Amino acid sequence: MKDPNSDKIDTLVAAVNADKPSGNDIETAAQRVREKLLKENPTAMIQKKETMSVDDADVHNHEIANSEVVANEQDGSAQKQLNSLQEYIDAIPDYLANRLSPALNLLFEEEARRSIELRRALNDAKQLANQTVKTEPTKTRTSRRFAWAYSAAAAIVLTISFILVSPKFPSFNQSQLAQVEDVSGKLYRLEQGNIHALSAGDWIDGSQVVRTAGDTTAMLVLDDGSRIEVGPRAELQFMRRSHGNRIDVDRGKIIVAASPQGSGTLDVMTEEFVVSVVGTIFEVGHGANGSRVSVIEGEVQVQQRGDSTSVIPGEQFATRMGKKQLGVESNIAWSRNADEYITMLQEVAALQRDIENVLTTEPRYSKRLLNLAPENTVFYGAVPNAPEKIVEIYTVIRERIQQSEIMSKKLDSLEMDEDLSQLDGVINWLAEMGDTLGDETVAALKLVDVASEQQAIPVILSEVDADAFRASFESRLANWKEKNLVSKTSEGSEPANHQPANFDIAIIDDPAQALPNQLSIWLYGDLLIATVGVETIQEIAASIENNGSNFMDSGLYNQLVSYYDDGAKFLGGVDLHSLLGLQEHSAELNAEERSAMDLTGLGNAQYLMVHHSQNSSESNLSAELIFDSERSGVMSWLAEPAPMGSLDFFSINTAFVNASIVKSPKLILDEVKQISGESWDEVSTESEMAVKLSEDLLMSVGGEVAFGFDGPALPTPSWKIVIEVNDETLLQETINQIVNSANSQMSESDKHFEIVPIDLGSYNAYQVSLSIMSNASEAKNTAQVSISYAYLDGYLIATPNAAFLERAINQYHSGIGLLSSQTFQSLIARGGSFDVSALNYSRLDQLLSDLTKSLPKGLSREQHKDFQKIRGENREPSILTLTGHPESIRLTHSGNFFPDISSIMSMQSLAGILLGNEELFNETSENEQETN
Amino acid sequence: MKGETITYIDDYTSAKTDKVPPVIKSVKASNHEISVDDLFRDHHETVYLAAYRVSGKTQDAEDVLQSVFLRLLKRPEPFINIGDDPRRYLCRAAINASFDISRSKKNKPLVSLDEKQHKLEVTQVLSTQGSSIDKDVRQAEQRKQLRAALLQLNSRAAEIFALRYFEEFTNAEIAEIMQSSVTSIGVELHRARGRLRELLSELED
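Read top to bottom, the protein sequences are chains A and B. Position 584 of the first sequence, counting from 1, maps to 1458 under my numbering, and the rest follow consecutively. Position 193 of the second sequence, counting from 1, maps to 173 under my numbering, and the rest follow consecutively.
Worth flagging that the hints you see were computed from the coordinates, not collected in a lab. Computed from a prediction, not measured in an experiment: that's the story for all the values here. Fair warning: there could be bad hints in the mix.
[To be verified] If you want the footprint, here are the derived chain A segments under chain B, 3+ residues with CB under 8 Å:
{"#": "1", "segment": "882 to 893"}
{"#": "2", "segment": "1675 to 1689"}
[Unchecked claim] What the simulated footprint calls covered on chain B by chain A, stretch by stretch (three residues with Cβ under 8 Å from a Cβ of chain A suffice, anywhere in the stretch; the number is not a length):
{"#": "3", "segment": "26 to 39"}
{"#": "4", "segment": "125 to 132"}
{"#": "5", "segment": "165 to 172"}
Cβ atoms here follow ideal geometry from the backbone N, Cα and C, with glycine treated the same way.
Turn these sequences into a full structure, and let the hints steer you where they fit.
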């Protein structure tokens, strides 16, 4: 029987063989290469020689992968190499004396056109030569018999330089292509997996990889005068070419102020597009969500798969979102020249707005009801096209408040029970009346001062079919009143607490008919306004007269308006500042409470905005916590969004991963100590060592960390931790010291740590093992728990064993990781952020698949069936992201929001099957040990 | 083996873009004199496509084409060691150079820009049309999987696999190229397929 996997390989081979570039592409590339080869060594290229049939043993030469080209003299004399500026300068006498070969001569002249330093040195040498000629008029004349050779060489050089200049090829000389002008933070050069710090004045050669750490910006200057501002956590490299340099952005953001490029172009490349410019200012970013270019000045050409797009100032082109005119300001806000750039953009934006005003159309969603919300509204919830959703939103909010200790306390302190009961009543009514309500229904809470106490007045606004509503509502109201009367009569007592005896509901035709302790429903044209009391309904009546309320001057209104501009669906906004009043009450807190509040960083929280949209197949939730000043305390720990290199270690089949970027761990510790008032001086001598180790540990690691499950779930869960490392040597020394310290403290116990290097190719890899000896029987038993880890490209990767570690490294090198996953990409693209500060990605289906593959052998046929059934159920993956901005934190969620009931039941049955077969795990573990 | 038809054309740019090079001058025939330029005109497409099949990137294929011939130019005697059939030498050099470049690009996906973009575009179209399966996307994914898996084989196994299945040399020809025995090549191919099956299974799950 034929192996189906063999067919699979054949299919894949067929797919590779079927894919080929167009003939035009091949021939164009071939022409470029041929020109380059002719330029490199025209004589050797065209000289005909007899073929010789000898072995081909040296075909495999890894050097050919290295594109660095060395120009050689092949005339039998000593070889001359032109790789650095100094070598070019050293070659000046030979150049002036026409002693260079045609190829080297061409190379020299090309470099002289590009390099100011070389040109200057050449001019100096020429002047010196002239002076020498003047002072030594009797200099020996060049032999006439070589004159023809020099003339021929010059003619060849001139001819070749006209014909064979190829603009897109790497130049021979890649040295000193860029120079570091200044660095704010840490800038590194990557070399053979290790990092080397760069500082102002250092040179960067072509093809060297440059990386910035978090909280770092750096200014680099290319040899053509172009200035590159590099943002945090970026990785890039440069290449010198004959006609314009090339910048490869592997990740992160850069702002390029390109110098005029003459006849060439400066090309900025990511994995997804090429941006070509001749002199302009623009930002390029590349991250988990694709590539993006935002233009500040001038015009750039973006090429994607042969298609060229022009992008002008104020526009942004993103590979997965197309071209649009929003968000450029926030894209470049990280730049040290942000103010200048933003001012530039605002002028452009103002022009665009003027144009849009001329072409104005109706807004997607009406703000009619928003504009009528009363002054001092602290909560606003809108449910367009589905009035009954208010009930669900309200219920969720009530539940969330109950789950939140701080919000519950605040609500308790406001003594709003009565008001909330009234609101409950209103909500119940709305649930019944939903059918008659219009396209949008709004529920709001207005905060009022009554006898120096704050009360929340509920308000409902909606468009309505007034006649239908009145007919339906009045009949229901009559029924309710009758029922209530019967209830009171039969019980002979007061009605239940939640419905005060003197509370009434009435439809009114004039605000003047509103009464205290009455839910008044005022029908005005196609508007419904329902609220408690007199003042609020009269305020809204005035707002209708004035075409808007004083709420329109509030900050919460401004936040809400932006959602309507983009098309609001399920929208909620809370004015936390007014509702919770944490800042006003901070004076009442004691030192300990104030310290705790400072640590949370919630004291300056101003607004919470929530928006949810549900399409047939997509569920997207976004929430934003907005502060009135820069984030502080815990809220500031989340770093600003940046690419996450740690995700490269996770495969496309990752079942679960949490990744985040926080501020420097050392800074966080310092901040906690500062807030809590703790000082290093107060640390006891006994713990000095521990403190020193903690400090070293925190200093040696960066702010990026990822944890996830990627591979078999049983019997050894294939977890993986990836941590950014700033100082590999310090970190390893610290780990060694921690292990030694732990062993010395446990010298009397039966536990012992051991750290040993493991052989993992060229990587620095170690295994830390904890041995636990027991004397339960006469023979000593030793149980061992171990972790393997390795350092690679500025990261520490830790896994349960060396096999998983090797797999993680291979995974990293293969380049096909989680970021390449179509599922992952489509989910993260829904959030709309280019980079994020933290994410949680989970695939329940993958986790179940991994579990199923790792099933213990002893399961019964029925249990196997159960597993297959569980695995077969369709579950959508989900992603949750957090994006930290200076004064806000944004959360987005795409995919399944809560696991459905069948999933929960599946997991329960899964656990039941596994937990009921404990002995099976022992068997599987033994099998695994045997295999190892 | 491919490319047995001998066709002479005057302008190499008019060569057809087919996997089989249209221009194969038999270098062995009568030991006639040729230049590197002749070799380039005859075999640039072979080298380019061999590199492209391994890397999946047009830019890498172009770099490999340049590297392979630059290396020839830098040799004092360009045609020493290239054997009777230059195509064998050039294919092997292109495959190895491509694998080296792909391995050196640790952080970068092996999918070409063209492929990736194509996949994205197709995905976007499909998402708007409500369809979920598309042949092009599937094939791009398959190419990506195979290239990723090949990079995880040892270099000799990957080279033999590429010579056999991408360039369609026979086992006997590969044995000559690799200076090995036919049996040994057969065993190594079998092992390579087995290891690929495992790797592909991991990638799939």
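Hint check:
Residues of the segment 882 to 893 of chain A lying with their CB closer than 8 Å to a CB of chain B number 10, which satisfies the three-residue condition for coverage. With 5 residues bearing a CB less than 8 Å from a CB of chain B, the segment 1675 to 1689 of chain A meets the requirement of three and the coverage assertion stands. With 6 residues bearing a CB less than 8 Å from a CB of chain A, the segment 26 to 39 of chain B meets the requirement of three and the coverage assertion stands. For the segment 125 to 132 of chain B, the stated coverage by chain A is satisfied: 6 residues place a CB nearer than 8 Å to a CB of that chain, which reaches the threshold of 3.
Look at the segment 165 to 172 of chain B against chain A: 0 of its residues bring a Cβ nearer than 8 Å to a Cβ of that chain, fewer than three, so the hint is violated.
In summary, the one numbered hint that this structure violates is 5.
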